[in-house]
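Top to bottom, those sequences are chains A and B.
Residue numbers for the first sequence follow the numbering used here, beginning at 212 and rising by one.
Residue numbers for the second sequence follow the numbering used here, beginning at 13 and rising by one.
These are computed hints drawn from the structure, not numbers from a lab.
Check before you lean on any hint, since a few could be wrong.
[Unchecked claim] Straight-line C-alpha distance at most 27 Å; calculated BS3-like pairs for lysine-lysine:
no.	chain 1	residue 1	chain 2	residue 2
1	B	251	B	174
2	A	322	B	174
3	B	198	A	322
4	A	426	A	408
5	B	174	B	198
6	A	394	A	408
7	A	426	A	268
8	A	322	B	251
9	A	394	A	369
10	A	369	B	198
11	B	198	A	268
12	A	268	A	369
13	A	408	A	369
14	A	369	A	426
15	A	526	A	473
[To be verified] Restraint ranges, calculated between C-beta atoms of paired labels, are given here:
no.	chain 1	residue 1	chain 2	residue 2	range
16	A	528	B	105	45 to 51 Å
17	B	308	A	398	35 to 41 Å
18	A	559	B	23	57 to 63 Å
19	B	109	A	468	52 to 58 Å
20	A	228	B	74	54 to 60 Å
21	A	443	B	106	49 to 55 Å
22	B	174	A	394	32 to 38 Å
23	A	534	B	232	48 to 54 Å
24	A	699	B	106	51 to 57 Å
25	A	399	B	105	49 to 55 Å
We put the CB at the ideal spot given by N, CA and C, even for glycine.
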Amino acid sequence: MTQPPLLALRGLTKAYPGVVANDDVSLTIAPGEVHALLGENGAGKSTLVKMIYGLVKPDGGVMQMHGAAFSPQEPRAARAAGVGMVFQHFSLFDALSVAENIALGMENAPKLRALSQQIREVSEDYGLPLAPDRIVGDLSAGERQRVEIIRCLLQDPKLLIMDEPTSVLTPQEVEILFKTLRKLSAEGTAILYISHKLEEIRNLCDSATILRLGKVVGHCTPSETSARDMAEMMVGSTLKTPQRAGKTPGEVLLGLQGLSAKSPSAFGMPLRDITVQVRAGEVLGIGGVAGNGQDELLAALSGEQLSGAGMIRFKDQDVGLLGPTARRRLGILTAPEERLGHAAAPDMTLTENAMLTGAIRENLVRGGMLNWPAAKRFAERIIKDFDVRTPGPNNAARALSGGNLQKFVIGREVLQRPEVLVVNQPTWGVDASAAAAIRQALLDLAENGTGVIVISQDLDELMEISDRFAALNEGRLSEPRPAQGLTVDEIGLMMGGAHGMEVAHG
Amino acid sequence: MDLSAINPLLFVAGFLVAATPLIFAALGELVVEKSGVLNLGVEGMMIIGAICGFATAVETGSPLLGFAAAAVGGAALSLLFAFLTQITLANQVASGLALTLFGLGFSALLGQSYVGVKPPRLDEVNFGLLHDIPVLGPILFSHDIILYLGFAMVVAVWALLKFTRAGLILRAVGESHDAAHALGYKVVRIRTLAIMFGGACAGLGGAYISLIRVPQWTEGMTAGVGWIALALVVFASWKPWRLLLGAYLFGGITQLQLNLQGAGVAIPVEYLAMSPYIITILVLVVLSADKSAAPASLGRNFHASS
Numbered sequence: 212m213t214q215p216p217l218l219a220l221r222g223l224t225k226a227y228p229g230v231v232a233n234d235d236v237s238l239t240i241a242p243g244e245v246h247a248l249l250g251e252n253g254a255g256k257s258t259l260v261k262m263i264y265g266l267v268k269p270d271g272g273v274m275q276m277h278g279a280a281f282s283p284q285e286p287r288a289a290r291a292a293g294v295g296m297v298f299q300h301f302s303l304f305d306a307l308s309v310a311e312n313i314a315l316g317m318e319n320a321p322k323l324r325a326l327s328q329q330i331r332e333v334s335e336d337y338g339l340p341l342a343p344d345r346i347v348g349d350l351s352a353g354e355r356q357r358v359e360i361i362r363c364l365l366q367d368p369k370l371l372i373m374d375e376p377t378s379v380l381t382p383q384e385v386e387i388l389f390k391t392l393r394k395l396s397a398e399g400t401a402i403l404y405i406s407h408k409l410e411e412i413r414n415l416c417d418s419a420t421i422l423r424l425g426k427v428v429g430h431c432t433p434s435e436t437s438a439r440d441m442a443e444m445m446v447g448s449t450l451k452t453p454q455r456a457g458k459t460p461g462e463v464l465l466g467l468q469g470l471s472a473k474s475p476s477a478f479g480m481p482l483r484d485i486t487v488q489v490r491a492g493e494v495l496g497i498g499g500v501a502g503n504g505q506d507e508l509l510a511a512l513s514g515e516q517l518s519g520a521g522m523i524r525f526k527d528q529d530v531g532l533l534g535p536t537a538r539r540r541l542g543i544l545t546a547p548e549e550r551l552g553h554a555a556a557p558d559m560t561l562t563e564n565a566m567l568t569g570a571i572r573e574n575l576v577r578g579g580m581l582n583w584p585a586a587k588r589f590a591e592r593i594i595k596d597f598d599v600r601t602p603g604p605n606n607a608a609r610a611l612s613g614g615n616l617q618k619f620v621i622g623r624e625v626l627q628r629p630e631v632l633v634v635n636q637p638t639w640g641v642d643a644s645a646a647a648a649i650r651q652a653l654l655d656l657a658e659n660g661t662g663v664i665v666i667s668q669d670l671d672e673l674m675e676i677s678d679r680f681a682a683l684n685e686g687r688l689s690e691p692r693p694a695q696g697l698t699v700d701e702i703g704l705m706m707g708g709a710h711g712m713e714v715a716h717g
Numbered sequence: 013m014d015l016s017a018i019n020p021l022l023f024v025a026g027f028l029v030a031a032t033p034l035i036f037a038a039l040g041e042l043v044v045e046k047s048g049v050l051n052l053g054v055e056g057m058m059i060i061g062a063i064c065g066f067a068t069a070v071e072t073g074s075p076l077l078g079f080a081a082a083a084v085g086g087a088a089l090s091l092l093f094a095f096l097t098q099i100t101l102a103n104q105v106a107s108g109l110a111l112t113l114f115g116l117g118f119s120a121l122l123g124q125s126y127v128g129v130k131p132p133r134l135d136e137v138n139f140g141l142l143h144d145i146p147v148l149g150p151i152l153f154s155h156d157i158i159l160y161l162g163f164a165m166v167v168a169v170w171a172l173l174k175f176t177r178a179g180l181i182l183r184a185v186g187e188s189h190d191a192a193h194a195l196g197y198k199v200v201r202i203r204t205l206a207i208m209f210g211g212a213c214a215g216l217g218g219a220y221i222s223l224i225r226v227p228q229w230t231e232g233m234t235a236g237v238g239w240i241a242l243a244l245v246v247f248a249s250w251k252p253w254r255l256l257l258g259a260y261l262f263g264g265i266t267q268l269q270l271n272l273q274g275a276g277v278a279i280p281v282e283y284l285a286m287s288p289y290i291i292t293i294l295v296l297v298v299l300s301a302d303k304s305a306a307p308a309s310l311g312r313n314f315h316a317s318s
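Just chain A, with the same shape it has in the complex:
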């Protein structure tokens, strides 16, 4: 290489009490290069990019930009040096407008009116339509991401860091995002791209660095490496693909007939006339962009939100008017998406959390008295069977990492021998090997005659485990189709296309 690399990291180390997040990490990024950063949860990707963005100070090692020393003390300095970052959990302010949000992320923000004009221009240039005066709380996930990207683009970055940008987008929206990123790359902007989705990385990135337990374990060229090889480098062992035996589905367990329900929250999506059946031993996959009725559907099935008479039947019984406890007694179990606060009570121990949903089906209550020893045994069984990494059942749910808590909340329902299990985003934020274990557990459950409904935004996951696939769009459920043989385009259309983004690329 004749010119110095845009960014060079050498020997970066960062330790937190009890864990070394980054250990002697080195990598280089050339101008215009799209560089992937791969690794499981906890491999140290986030810590690494936070050091580049000035949010975390390294304990050791050097960073160089254009051959000169680079050690941002705060994000402001990093931004001034040309580093932009699009956050995984969006760093946006719901109550403020798009323009105000963007102004907050800029050093010398112009007057709001001039800024609005700039936002319009940049958003048209890069095919990311966005109205500057809208309130961010009303935007969809895809639109919110556009706010973040445009905020970075307005500062003319030389390096754009993207942390899991596609987890909330439809395939069409991903395609549009990739067009934008390729255009940026062609203009000389380097991109550091973090994602769990290996096919995307093969499609987009020029090179990749793989982290495991804080150390660099390899570099590769994604377009020449198979997704499976990359996954195995990340995990450090051979991956098991979930296995299933083909089996004819049994009797109808759960039948929805014209299910309609208002959304409990003001920003939610009402369910509209959903009709679908789930049979014993079948996995029904439900896709769709977040905010199209997923949470409401889960609430209607769990009994948190009661529906009208005759809308939900379990075997021969009308359960639409039964609450969650009564439905659990019958064997309809659910695991919602939000781990902390919905699926689990953050400050209660794992034993207490096991008690919360397992009380009825595991007989943990006798005559109104709680049987704590039995609850503890149940929690320990979940921890053991689902490989939950925690010192013990007396730890608070909050203390677990996202992936481990997810294993716990899914395991808690699976072990209660459900007749029907509904899960929302079962592997969200979970690393490859843990995700494979959760999917295998769901398939095993179906094998034993449970009807499983998997609501997810991860299409690869749905294609891997579903027998039939349907998509939620604006609160309506599409006609379920056999999952085998569905193409990405067909799925995209079922999900409602790119939400008005086609226009921009005419």
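We have chain A; now place chain B onto it with these hints.
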């Protein structure tokens, strides 16, 4: 009963005076809450301001120095709250209540030798000819400088929050401290400054009671104005203009019930005395029926954990 004993001009001028302590205290708390902090210690900071201002004015003979001392005293007490909630991450509700109890007790100690003393008077601003305009003159142009300062601060805070970058950052911190931190804003520093501003305002409000409205020193003389200020911020939906309206309403009814008592209206005094509280809250509840948006991070402690 003789309603004609009520002079409408003096009545209006009087309610502007009655509303001013409330305007200061509530405006300071509005800024604090916009930054995402709930400080229930307004009453305590007011009474500390009241005695600091009173004592300084008596000792130096200058009411203006007294007001300056009141602002410093209120801000100093609020620093204690800032330390507890921003550095040691103590619970904001408990810390605020403790601040009020501490302020009431400490002010009583400081004020022991000032009971019964008369403070120096703060002169009216000389508006020259304006003062001689009939009706408007006595109502609008016959007050002290601090009253006008209170009104000016409402305008200033409104403009600051709406039009300036500093105001935008303040609102952003109150909306989501995590996102603000991720963008590199110093959440703790910004909140501490807001808390100090709130303390200084509460101190000014307290001193306005002890130096101008009453004017004398008695223990616990703020008599719940701090609590009304807290309620006012919420019912005004965190909007400065609505806050001003609520404060005038409260001041007006307070003044009216005093006048009615003076005129010997045949309503028990207790009902009259409680009327300003009830009517102000009722009106503001009706006003705040629209989508009132509290700062999303209000009352939540922030710790930069990464």
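Broken hints, numbered, in rising order? Going through the list in order, the structure violates no hint and respects every one.
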